[in-house]
Amino acid sequence: MIAMAAWRLYLTDQPVRRLDLLTGKPAVLAAWTGARRVSFFDVKNGARLGERVYDALLPAEREGETWQEFLRPFKAPNDSALPLLQLDGATLYNSADGQMQVIHDENGDLFLVSAGKAVRLHKEAEATFDVVAFDRTSGLIAVLDRAGRLHLYEQHTRLAIVETGLAGADEWRPALAVAQGGASIIASNGETVVITDGSGRLRQRLDLHYRLSALASSPDGQKLALADAEVGVIRVYDTSSLTATHQRFAADLLADARRVQLIGGTVSLSSSVHSLAINNRGTLAFAISGVICVTSVSRMGVLPRVSPKSR
Numbered sequence: 252m253i254a255m256a257a258w259r260l261y262l263t264d265q266p267v268r269r270l271d272l273l274t275g276k277p278a279v280l281a282a283w284t285g286a287r288r289v290s291f292f293d294v295k296n297g298a299r300l301g302e303r304v305y306d307a308l309l310p311a312e313r314e315g316e317t318w319q320e321f322l323r324p325f326k327a328p329n330d331s332a333l334p335l336l337q338l339d340g341a342t343l344y345n346s347a348d349g350q351m352q353v354i355h356d357e358n359g360d361l362f363l364v365s366a367g368k369a370v371r372l373h374k375e376a377e378a379t380f381d382v383v384a385f386d387r388t389s390g391l392i393a394v395l396d397r398a399g400r401l402h403l404y405e406q407h408t409r410l411a412i413v414e415t416g417l418a419g420a421d422e423w424r425p426a427l428a429v430a431q432g433g434a435s436i437i438a439s440n441g442e443t444v445v446i447t448d449g450s451g452r453l454r455q456r457l458d459l460h461y462r463l464s465a466l467a468s469s470p471d472g473q474k475l476a477l478a479d480a481e482v483g484v485i486r487v488y489d490t491s492s493l494t495a496t497h498q499r500f501a502a503d504l505l506a507d508a509r510r511v512q513l514i515g516g517t518v519s520l521s522s523s524v525h526s527l528a529i530n531n532r533g534t535l536a537f538a539i540s541g542v543i544c545v546t547s548v549s550r551m552g553v554l555p556r557v558s559p560k561s562r
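Reminder that position 53 of the sequence shown reads as 304 in our numbering, one-by-one numbering, no gaps.
Calculated from the structure, these hints are not laboratory results.
Just so it is clear, the structure is predicted and the values come from calculations on it, not from any experiment.
All C-beta atoms in this analysis are idealised placements derived from N, C-alpha and C, irrespective of residue type, glycine included.
Possibly wrong hints are sitting among the right ones.
To be verified - The calculated label-pair distances, taken between Cβ atoms and stated as ranges, are:
#1 D448 to H373: 39 to 49 Å
#2 E357 to F500: 16 to 26 Å
#3 L308 to L554: 17 to 27 Å
What the hints assert, rightly or not - Below are the DSBU-like pairs computed for lysine-lysine, each with C-alpha atoms no more than 30 Å apart in a straight line:
#4 K326 to K368
#5 K295 to K276
#6 K295 to K326
#7 K276 to K326
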């Protein structure tokens, strides 16, 4: 396998909050440097494609032309709909075609906006929804509550509430991802990773021997990237068995990448990786503080095939 070109740049003196690899022509990396500020880069070469800052206000009217006008700017330079936007008092998740949105508000309530209507999704009064993942193609919605239960919705219809066994972590650090088409759901409490199918049936469970700082799934659900907060290693797993296939120190991946400098600055390479993204082809993007890097799984060390201790 020929390794793709890798690049890095120092973007900001603040932590990069989120990274998204967006398909299209060209493929685009969206790097969120604030709740509503995003910079765009060509994945292939790191060329800067612009920056946008979005309004923080969520319209009270969530249908008709007012709503469509609000959504219209939420696109990357390659015309891909942005998957997520942080607003004042709410987080908005966007479908790939921009025709469906999920709103997670500051009260913990969920709303689905589709076909010109906003519907509140049912939940128990005692449930506190901590993290949401939205399949941008099928409309499957996965939610992890503070008790470690997984709530699944097919658009506005609730499918199941699943006990994941993730409750009781020493430090609750929830993370959640849904594969395209809703084929699998990946959830973590920062110490353990579980993978279920789209109905919530447990398929794999892995107790980590390190503290997790970031998690990302490829859209097809076949690759899982995890960042080790303690030693700065990024590991990539085959989700069919939750076996680690590749790993490398993030600092070494940075050093191996061509420098595309925007502004001056330095970064402590002892800092944890706190933002990750990976695509189906193995392109990997990560951020340490304000430095971002786009590289490839093919530039990581290959691990021997050993079955993990899972249950």
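Which of the numbered hints are not met once you compare them with the structure shown? 1, 2, 3
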